[in-house]
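4 protein chains.
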Amino acid sequence: MISENVLKDIFKPNNLKWRTAITKVEPNRILTRGYLQEKLIGNISFAEMVYLLVKGELPSKNEAKMLESVLISFCDHGVTPPSTQAARLIASAGSPLNTCITGGLLAFGKNHAGAIEFSMEMLQEGIQRTRSDLDIDKIAQIMVAESMKNQKKIPGFGHRYHTEDPRAPRLMELAQKNKCFGRHCELALEIENILFESKDIRMNIDGANAGILSDLGFDWRLGSGIFMIGRLPGLMAHVHEEISRDPPFRKIFHNDEIYYDGEEEKL
Amino acid sequence: MISENVLKDIFKPNNLKWRTAITKVEPNRILTRGYLQEKLIGNISFAEMVYLLVKGELPSKNEAKMLESVLISFCDHGVTPPSTQAARLIASAGSPLNTCITGGLLAFGKNHAGAIEFSMEMLQEGIQRTRSDLDIDKIAQIMVAESMKNQKKIPGFGHRYHTEDPRAPRLMELAQKNKCFGRHCELALEIENILFESKDIRMNIDGANAGILSDLGFDWRLGSGIFMIGRLPGLMAHVHEEISRDPPFRKIFHNDEIYYDGEEEKL
Amino acid sequence: MISENVLKDIFKPNNLKWRTAITKVEPNRILTRGYLQEKLIGNISFAEMVYLLVKGELPSKNEAKMLESVLISFCDHGVTPPSTQAARLIASAGSPLNTCITGGLLAFGKNHAGAIEFSMEMLQEGIQRTRSDLDIDKIAQIMVAESMKNQKKIPGFGHRYHTEDPRAPRLMELAQKNKCFGRHCELALEIENILFESKDIRMNIDGANAGILSDLGFDWRLGSGIFMIGRLPGLMAHVHEEISRDPPFRKIFHNDEIYYDGEEEKL
Amino acid sequence: MISENVLKDIFKPNNLKWRTAITKVEPNRILTRGYLQEKLIGNISFAEMVYLLVKGELPSKNEAKMLESVLISFCDHGVTPPSTQAARLIASAGSPLNTCITGGLLAFGKNHAGAIEFSMEMLQEGIQRTRSDLDIDKIAQIMVAESMKNQKKIPGFGHRYHTEDPRAPRLMELAQKNKCFGRHCELALEIENILFESKDIRMNIDGANAGILSDLGFDWRLGSGIFMIGRLPGLMAHVHEEISRDPPFRKIFHNDEIYYDGEEEKL
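Residue numbers (my numbering), protein chains in the order written: chain B, 12 to 278; chain S, 12 to 278; chain A, 12 to 278; chain W, 12 to 278.
Chain B extracted, bound-state conformation (with noise of 0.2 Å):
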C-alpha cells in the first residue's frame, strides 16, 4: 500500500520555504525577536531597536545609549566625502530620494567608510591574540611595530581633514561613562599613545567607534551597517538641500577646467 511516506517522497512537496528568526508576520501580528511590535513602539529607544535586531536581544541601558552615540557620531561630514558628492549629483540629475541616498552608500568603500570595518577587524584580531598571554600593551607595540615595517596605515587613526578628530575623544570619554570601554577601547588607545608619540598621529572616529563596537560586541563585518545607519539621515539631508536650493544638473567644473590628455583626432 502506498503510505504517506512514499507519497511525499513522489511528490517532493515544496521544500524550499525561506527560514528567518527575526520577525514572525502572522494576521494582525508582527512578532520581532520575540516582542510584539506594538510593544516595542514607543518603549525603546531607535539603538536598542537596532542592537535587538541585528544581536537578537535587548541591550543594557548603558550599551543602548553608548550605540545611540556612536550612530550620532555618523550623522555628517559636510559635502567632503565622495558618498554625499554622489548623492548629490544624483539628485541633481533628477532622481527619486531611495535612488539618491542609494547612490551615495555605494560609495562607502575600501577607501570611504572602510575603515571602520579595518580598524574593527584589527582590534579583535588583536584581543584574539591576547589569550596566547600577551598583554594588551605588548600587542599593540607589536601591531604598530607590523603595520610600519609593510608600510601600512593603520586604520582608525590620522585623518584627511583633522589632526584631532574632536569626535574621538568625546566617544572615548562617553565609552567610560557608560561603561562600555574595555578590551578592544583598551588596545585603540595603546595604539593611539605609541603613534601619537612616535608620528604625531591620533585616533580619529572609526578607531573610536571600532573599540566601543568591538566592545559592544558586535562583529567587524557589521562595521559599515552601523555607519550606514547613522550616515542615512546626512545624505537625506543633503539630498534635500540639493534639491530646494540648487538647480538642476549641478556642473562640478567648468568645461575649461577638464584636462584632456587623451588622442588627438585620427586622419
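Please keep in mind that the hints were generated in silico from the structure rather than gathered at the bench. Hints should not be assumed to be uniformly reliable.
If chains are identical, the list can't say which one is meant, so a pair holds when it fits in one copy or spans any two.
Derived lysine to aspartate or glutamate pairs resembling EDC-like cross-links, with alpha carbons at most 16 Å apart [stated by the list, open to error]:
1) K35 - E275
2) K35 - E268
3) K149 - E197
4) K262 - E208
5) K35 - E49
6) K190 - D146
7) K35 - D267
8) K160 - D148
9) K188 - E276
10) K210 - E175
11) K121 - E132
12) K190 - E68
13) K149 - E136
14) K164 - E132
15) K50 - E68
16) K160 - E132
17) K164 - D211
18) K149 - E201
19) K66 - D230
Quick caveat: nothing in here was measured; it's all calculated off a predicted structure.
Since the structure of chain B is provided, determine the placement of chains S, A and W on it from the hints.
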C-alpha cells in the same frame, strides 16, 4: 588702467563653490546646524539628530519621542517585502553589505513603501483644502468619495497581510500621548471612520505615520526617506542572517517550478 | 489510509511558479526566444541580440544596423554628466566595479538621460494624434505651440554643450540610409524646423534617437534602458581610468571652495 | 594699484581639473579615443566601440567578432540567477527601469557572476608562471593539484544547472575560427582535460570567456564589467516582462511557506 574688476572678469575665478547649510568642516571643528558635533554626541537622541539634520533645528522633547516611535515602527516586516527579499538574494550572491542593503532600498517603489509618501501628500493636500472654509470631516467625505468614484485605493488604508495593522492604533495612541496629534492625524482618522463603516477597511502603518509626520511638519517628499532610516537596520539584520545561516546562491524555487510560456525551438 | 485531504495537503501544488517567455533553461540546453544560445553566439550581432531579447524576434538587417548605431551614439560624453562623475567618485572611494557602474546608472534621472524617454513619449503621442486626420507638419506646429504656451522645453531639442549636436544629423542620415526613417523621425524633423526658424534650436541626440527608436517600434518606457546599454561601456572605461590613473579619494574641490551658509555656533 | 598678491588671489588657478583621456567635449565636437563620434556611429560595431572605449584603440576584425560573441553569450539565463530575480522583484515594487536594472547588477557578487573574474585572474596568473620555463600542460596539472589539495573549486569549470554548458564549446570553436585562441584558452582547455578525466567536470561559459578575454588582452578586473554589458539587455527584457505581464508586488511564496525559527513571544 586695469582695475581689479576688469581682471576678475577676464580670469573669471572659479565661482562654482559648493554651498551647504548643513555642516561646516574646518580642521578639528565640525559644526552641524549650529552645534559642535562633540556636543551633540551623547547629549541628544538619534531621532533628535534626524530632525536636526533635516529641519535645521532641534525638536521639542515630545516631537523627538514621537519621531523615534515612527522610526521604530518601520523596523521590519519579516521576509515578506520585495526589498527584504532583494537584499537577501543579493547577499546570497556574495555582494558586500552596503551593496545588499542598497539593493533592498532600491525596491522602495510606488507599490512598496511608496504609500507613505502618497498618503502624506494626500493628507497635506486635504488640510490645504480646509483653508477654504471646509471642516476636516467634510474634507474626508469629499476625498473618499472622489477616490471611490475614480476606483482608486486610498493610500495608508488597508494592508496586504493585516485587517487590523497592530502598529497603526499604537501610533495614534502615542500621537495623542506626545501631543503630536494635529489636523493631519485628525483627517486620517476621519477617513478611517468612513472607510471602516463602508468597507471594513482600517488605517495601516503608512496612514498613521503619514498623519504624524505631516503634523510634525515633514514635507511629504521626505516620507520614504524616514521609512528608509527606520528600515535599514532591519535590512541589515536580514543580510547578516542570510550570510550567517544560509548557503550561498539561494534558490527561491526548483527549476521545475519555472513556467516557460515562450516560443519553442525555431528550426 | 490516505484520505483525500491528506493527499491534497501533501500534493498542494505550488501555483506560485515564475513565468517567463524569454529563456528556457534545461540541463545542457538554453533556449532564448526560440533559439538555442549556441546558435545565436557567433551568428548575430549584439544589436540583434538586444532586439531579440526585448521584442521577441530578430530585426531585419537594416533595423539591426540602425539599432547598433543608436547604441553606439550613446557611448560617452566625457566627464561632463553627473552619472560619469558619480561613477568615478564611487570608484575613487574604492568600491567594486559593478557598484561604481550601477552608482553611475542611478543618476539617469529626469534631468539627465531622461530626455530620451520624454522625447519618445512625446513623438509617440504626436503620431497617435495623426490618426485623427491631421498631417505631421500640422501636429508639429500644434505641439510646439502648446509647449511654448506652457513655457516648457521640448525634450530632444537643444543641448547644454552643443548648438549643433554632431550626433543628431548623423543619426538622421543613417535612418534614411537604413530605411528606418518613418513617421516619428519625420515628426522630429518637422519640430526641429519650427524650433530652428523661431529659436535657432536644433535637434539633439535624444530627439534623433527618440524618432528612430519609435520608428523601430520601441515602447517609450524602454528608452532609458537602450541608453543604459549604450552608455555602460563608457562608464566602465571611466571607472577603469579613475582606478588606473588617479589617486584614491578624489577631491573635486579644495576645502576653501565650500561655501557654508548655515548657522554659526549656537551657545 | 594691483599688487602681485591681489593678482595671485584673483587668478588662483584651479589645479583640481578633472583629467581624462577617453572623450574630449567641445562645442559641437565630441572626440572619443581620437575619433569624432559622428564618424564612429554607423561605421563600427558595438563590440568595436566597447573595445575602443576600454582599451583606447580599435580591435582587429577578428577580435571584434570574438568580443561580440562573448558579449552575446552572457545575454540571459532565464529567471534562475539572483540578479534577475532581484531586478524583477524591484520592478514588481514599482521602481523605475534604471533602478530595477541596477538592483539586478548589484547582485553580481562573488557567488554569482564573480567566476568570470576569478577565472581570468587564475588563467592570467597561470600564464605568468609559464615564463619560468614551465609548459602550459604542466602548469595546468600544478594548478589543479593545488586547488584539489586546498579543496577549492576551480572557477570557470562545472555549472549549477548544466553538466555540459552548451555555450562553452561554441565559444572555444569561435576562438579558433576567429584566431583568438591563445595561451590562456589553451590553459583553460588543459585544465578541462584534467578535470573531465578525474571528475567528469567540464568548462563552463565563464571558463571559456575567461580564456578568450584574457587572450584578447583584457585585465581580469574588467571581467565582470564585460559580463554586465552582455547581461544588461537580458535584465531589461525581464524587467519589461515583469511589468507587462505580472501583477504588482510579486509574492514569491505563500505566507505559510515562511519558516520562523526565532523566539516566541516574551512575556
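Each hint tested on the structure:
no., hint, verdict
1, K35 - E275, "between (63 Å within a copy, 9 Å between copies)"
2, K35 - E268, "between (56 Å within a copy, 12 Å between copies)"
3, K149 - E197, "within (12 Å within a copy, 52 Å between copies)"
4, K262 - E208, "neither (44 Å within a copy, 30 Å between copies)"
5, K35 - E49, "within (13 Å within a copy, 39 Å between copies)"
6, K190 - D146, "neither (21 Å within a copy, 54 Å between copies)"
7, K35 - D267, "between (58 Å within a copy, 11 Å between copies)"
8, K160 - D148, "neither (18 Å within a copy, 39 Å between copies)"
9, K188 - E276, "neither (67 Å within a copy, 26 Å between copies)"
10, K210 - E175, "within (13 Å within a copy, 57 Å between copies)"
11, K121 - E132, "within (13 Å within a copy, 21 Å between copies)"
12, K190 - E68, "neither (19 Å within a copy, 31 Å between copies)"
13, K149 - E136, "within (14 Å within a copy, 39 Å between copies)"
14, K164 - E132, "within (14 Å within a copy, 27 Å between copies)"
15, K50 - E68, "within (15 Å within a copy, 30 Å between copies)"
16, K160 - E132, "neither (19 Å within a copy, 28 Å between copies)"
17, K164 - D211, "within (14 Å within a copy, 47 Å between copies)"
18, K149 - E201, "within (9 Å within a copy, 51 Å between copies)"
19, K66 - D230, "within (10 Å within a copy, 34 Å between copies)"
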